[in-house]
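Quick mapping for you: the protein sequence lines, in order, are chains A and B. According to our numbering, the residues represented by the first sequence are 1 to 271, in order. According to our numbering, the residues represented by the second sequence are 1 to 271, in order.
Careful: at least some of the hints might be erroneous.
For identical chains, the list gives no copy identity; a pair is met inside one copy or between any two copies.
Said to hold, decoys possible - Taking lysine-lysine pairs in the DSSO-like style, the calculated list, with each CA pair at most 30 Å apart, reads:
hint: 1; residue 1: K84; residue 2: K164
hint: 2; residue 1: K47; residue 2: K164
hint: 3; residue 1: K108; residue 2: K84
hint: 4; residue 1: K36; residue 2: K197
hint: 5; residue 1: K44; residue 2: K197
hint: 6; residue 1: K16; residue 2: K44
hint: 7; residue 1: K197; residue 2: K47
hint: 8; residue 1: K16; residue 2: K84
hint: 9; residue 1: K16; residue 2: K164
hint: 10; residue 1: K197; residue 2: K84
hint: 11; residue 1: K44; residue 2: K164
hint: 12; residue 1: K16; residue 2: K197
hint: 13; residue 1: K164; residue 2: K108
hint: 14; residue 1: K44; residue 2: K108
hint: 15; residue 1: K16; residue 2: K47
hint: 16; residue 1: K197; residue 2: K108
Everything labelled a hint here was simulated from the structure, so no lab data went into it.
Protein chains: 2
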Amino acid sequence: MDNPFFSATRTHQTAKNSLLCIGLDPDFERLPAIVKQDENPIFKFNKDIIEATQDLACCYKPQIAHYSAIGAERDLELTIDLLKSLDIPVLLDAKRGDVGSTATMYAKELFERYGADAITVNPYLGLDSMEPYLSYADKGVFILCRTSNPGSSELQNLRLEDGKLLYEHIAESAAATWNFNSNVGLVAGATKPAELKRIREIVGDSTLLLPGVGSQGADVAAMMDAGAGGGMLVSSSRAIIFASANADFADAARNAAITTRDEINQYRIAA
Amino acid sequence: MDNPFFSATRTHQTAKNSLLCIGLDPDFERLPAIVKQDENPIFKFNKDIIEATQDLACCYKPQIAHYSAIGAERDLELTIDLLKSLDIPVLLDAKRGDVGSTATMYAKELFERYGADAITVNPYLGLDSMEPYLSYADKGVFILCRTSNPGSSELQNLRLEDGKLLYEHIAESAAATWNFNSNVGLVAGATKPAELKRIREIVGDSTLLLPGVGSQGADVAAMMDAGAGGGMLVSSSRAIIFASANADFADAARNAAITTRDEINQYRIAA
Numbered sequence: 001m002d003n004p005f006f007s008a009t010r011t012h013q014t015a016k017n018s019l020l021c022i023g024l025d026p027d028f029e030r031l032p033a034i035v036k037q038d039e040n041p042i043f044k045f046n047k048d049i050i051e052a053t054q055d056l057a058c059c060y061k062p063q064i065a066h067y068s069a070i071g072a073e074r075d076l077e078l079t080i081d082l083l084k085s086l087d088i089p090v091l092l093d094a095k096r097g098d099v100g101s102t103a104t105m106y107a108k109e110l111f112e113r114y115g116a117d118a119i120t121v122n123p124y125l126g127l128d129s130m131e132p133y134l135s136y137a138d139k140g141v142f143i144l145c146r147t148s149n150p151g152s153s154e155l156q157n158l159r160l161e162d163g164k165l166l167y168e169h170i171a172e173s174a175a176a177t178w179n180f181n182s183n184v185g186l187v188a189g190a191t192k193p194a195e196l197k198r199i200r201e202i203v204g205d206s207t208l209l210l211p212g213v214g215s216q217g218a219d220v221a222a223m224m225d226a227g228a229g230g231g232m233l234v235s236s237s238r239a240i241i242f243a244s245a246n247a248d249f250a251d252a253a254r255n256a257a258i259t260t261r262d263e264i265n266q267y268r269i270a271a
Numbered sequence: 001m002d003n004p005f006f007s008a009t010r011t012h013q014t015a016k017n018s019l020l021c022i023g024l025d026p027d028f029e030r031l032p033a034i035v036k037q038d039e040n041p042i043f044k045f046n047k048d049i050i051e052a053t054q055d056l057a058c059c060y061k062p063q064i065a066h067y068s069a070i071g072a073e074r075d076l077e078l079t080i081d082l083l084k085s086l087d088i089p090v091l092l093d094a095k096r097g098d099v100g101s102t103a104t105m106y107a108k109e110l111f112e113r114y115g116a117d118a119i120t121v122n123p124y125l126g127l128d129s130m131e132p133y134l135s136y137a138d139k140g141v142f143i144l145c146r147t148s149n150p151g152s153s154e155l156q157n158l159r160l161e162d163g164k165l166l167y168e169h170i171a172e173s174a175a176a177t178w179n180f181n182s183n184v185g186l187v188a189g190a191t192k193p194a195e196l197k198r199i200r201e202i203v204g205d206s207t208l209l210l211p212g213v214g215s216q217g218a219d220v221a222a223m224m225d226a227g228a229g230g231g232m233l234v235s236s237s238r239a240i241i242f243a244s245a246n247a248d249f250a251d252a253a254r255n256a257a258i259t260t261r262d263e264i265n266q267y268r269i270a271a
């Protein structure tokens with residue numbers, strides 16, 4: 001059976017001609033004054049962004065720290081409920097990683113409390129720490145492989161005695177033993193096209209979550225060339241949701257989303 | 001200047017003659033019926049446990065998933081407030097790991113919203129992902145090095161081309177470049193005494209957080225021998241807080257904490 005999350009994102013990608021995944025990372029300090037007075041200001045902000053961009057995004061990716069930092073769990077719940085009512089897939093970015101008994105609690109938090117369709121997880125503790133997430137066969141689980149931050153090579157590019165780099169080992173494990181429920185994707189930073197290309201070679205047509213476009217400055221042409229050959233969710237957050245700091249933020253987000261989608265498609269067609 | 005968290009835990013260790021760190025992982029399903037009717041049942045449970053064991057623990061370690069899984073953020077806030085009113089250090093176990101801009105939000109969640117004195121973090125994204133936590137010079141930051149779960153060797157014991165194991169590389173980085181604010185500790189599973197001994201050799205007298213005693217079955221004698229030579233916080237959770245499933249849970253927790261503390265001290269004195 002096809003995984004519901006990967007299937008749904010493909011449906012939205014086709015219908016909307018868009019690989020864009022919009023990240024909902026609503027830093028309260030940066031919210032426009034017009035929404036700050038709302039009872040649930042973060043939800044109000046997200047709602048306006050979602051309504052202005054829903055025909056442009058194949059999924060949305062709330063990053064949980066931006067809610068939990070200020071006790072805005074309710075805003076996150078409302079945001080996810082809204083996306084579900086619109087039948088748009090929700091990838092909840094939490095990067096959890098803990099021993100099995102605790103991972104079971106995190107899985108409950110993300111999949112049951114919040115109702116996420118997919119999540120991100122950290123592999124450092126090994127397969128048994130990820131099994132509580134992977135056992136939800138109808139959910140998507142994106143494992144951190146090669147992240148988009150400047151210092152990501154410090155550990156992820158360590159060379160092992162067999163000649164492989166650590167992130168290559170993780171990609172191989174994800175493709176081989178960790179994907180027993182056919183629900184594994186990988187996080188592969190768009191800012192590292194050479195590594196992204198290598199990951200694509202290892203995992204075949206598996207879906208990759210590609211953060212780094214927009215504020216983090218990834219080269220879209222290089223990313224699209226390196227990532228071609230399988231599923232891609234191209235994530236952009238701040239460059240879209242904070243395209244304007246004023247009352248026109250939703251329109252500005254729409255324009256930024258159109259520009260980003262079109263730039264992706266330009267190289268998608270060429271590839 | 002001495003780090004306030006490490007200094008405070010040492011003070012409590014001396015005053016109480018105890019290396020025991022009690023983990024507050026209150027699985028709601030396992031709570032005694034007598035507390036389940038309370039308005040804040042998890043806080044009520046924790047409060048009774050804390051009041052029964054506060055003279056036996058050098059710090060407490062709430063594991064955040066057990067609260068966020070069921071929306072019990074308020075119970076966690078109340079628990080930490082209680083511990084602060086008793087002047088007992090709080091190590092909030094969250095194992096966060098994300099890129100810098102998001103890590104800043106997680107640091108805000110853990111240190112500012114909840115007021116934790118120390119936290120756990122995951123190193124897989126590299127130093128820049130940990131800097132937002134490490135920049136809080138007056139807090140303790142425990143970096144995952146060698147975890148206590150059965151599958152932890154899968155990645156942590158990968159051998160690098162220079163002959164070191166991955167967890168050894170992480171211990172070396174933690175001791176060398178990551179500890180610029182003298183606030184780094186390491187998580188070293190008590191279930192792996194050989195690796196624990198190696199970590200102690202690498203990091204000198206730095207403080208180690210040792211999970212695995214109790215439900216996870218670590219050998220206390222082997223752990224105390226391997227970990228000797230520096231700071232140790234010996235963590236036990238379920239074996240103490242769920243020592244009884246009945247109305248006598250707090251007394252049972254006290255008895256289990258005494259037994260654990262005394263077993264640790266037996267080998268502490270001999271070492």
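These are the hints, each one checked on the structure:
Taking the shortest alpha-carbon separations for K84 and K164, neither the intra-copy value of 41 Å nor the inter-copy value of 47 Å comes in at or below 30 Å. Taking the closest pair of Cα atoms, K47 and K164 never come within 30 Å of each other, the shortest separation being 44 Å inside a single copy and 50 Å across copies. Taking the shortest alpha-carbon separations for K108 and K84, both the intra-copy value of 18 Å and the inter-copy value of 29 Å come in at or below 30 Å. Proximity of K36 and K197 under a CA criterion of 30 Å is satisfied in neither setting, with 42 Å inside one chain copy and 53 Å between copies.
For the identical chains of this complex, K44 and K197 are neighbours neither inside a copy (39 Å) nor across copies (53 Å), given an alpha-carbon limit of 30 Å. In this homomeric assembly, K16 and K44 come within 30 Å of each other (Cα to Cα) only inside a single copy, at 24 Å, whereas the closest approach across copies is 50 Å. In this assembly of identical chains, the alpha carbons of K197 and K47 never lie at most 30 Å apart, being 35 Å within a copy and 53 Å across copies at closest. Taking identical chains as interchangeable, the C-alpha atoms of K16 and K84 lie at most 30 Å apart only when both belong to the same chain, with a minimum of 17 Å there against 52 Å between chains.
Neither within a single protomer nor between protomers do K16 and K164 lie at most 30 Å apart by alpha-carbon distance, with minima of 38 Å and 49 Å respectively. Taking the shortest alpha-carbon separations for K197 and K84, neither the intra-copy value of 33 Å nor the inter-copy value of 50 Å comes in at or below 30 Å. In this assembly of identical chains, the alpha carbons of K44 and K164 never lie at most 30 Å apart, being 47 Å within a copy and 51 Å across copies at closest. Proximity of K16 and K197 under a CA criterion of 30 Å is satisfied intra-copy only: 26 Å inside one chain copy versus 56 Å between copies.
In the homo-oligomer, the alpha carbons of K164 and K108 never lie at most 30 Å apart, since the shortest distance is 35 Å inside one protomer and 37 Å across protomers. When the C-alpha separation of K44 and K108 is checked against a cutoff of 30 Å, the pair qualifies both within a copy, at 26 Å, and between copies, at 22 Å. Taking CA atoms no more than 30 Å apart as the test, K16 paired with K47 passes inside one copy only; the shortest distance there is 19 Å, against 53 Å between copies. With identical chains, the CA atoms of K197 and K108 are never at most 30 Å apart, being 34 Å at best within one copy and 35 Å at best between copies.
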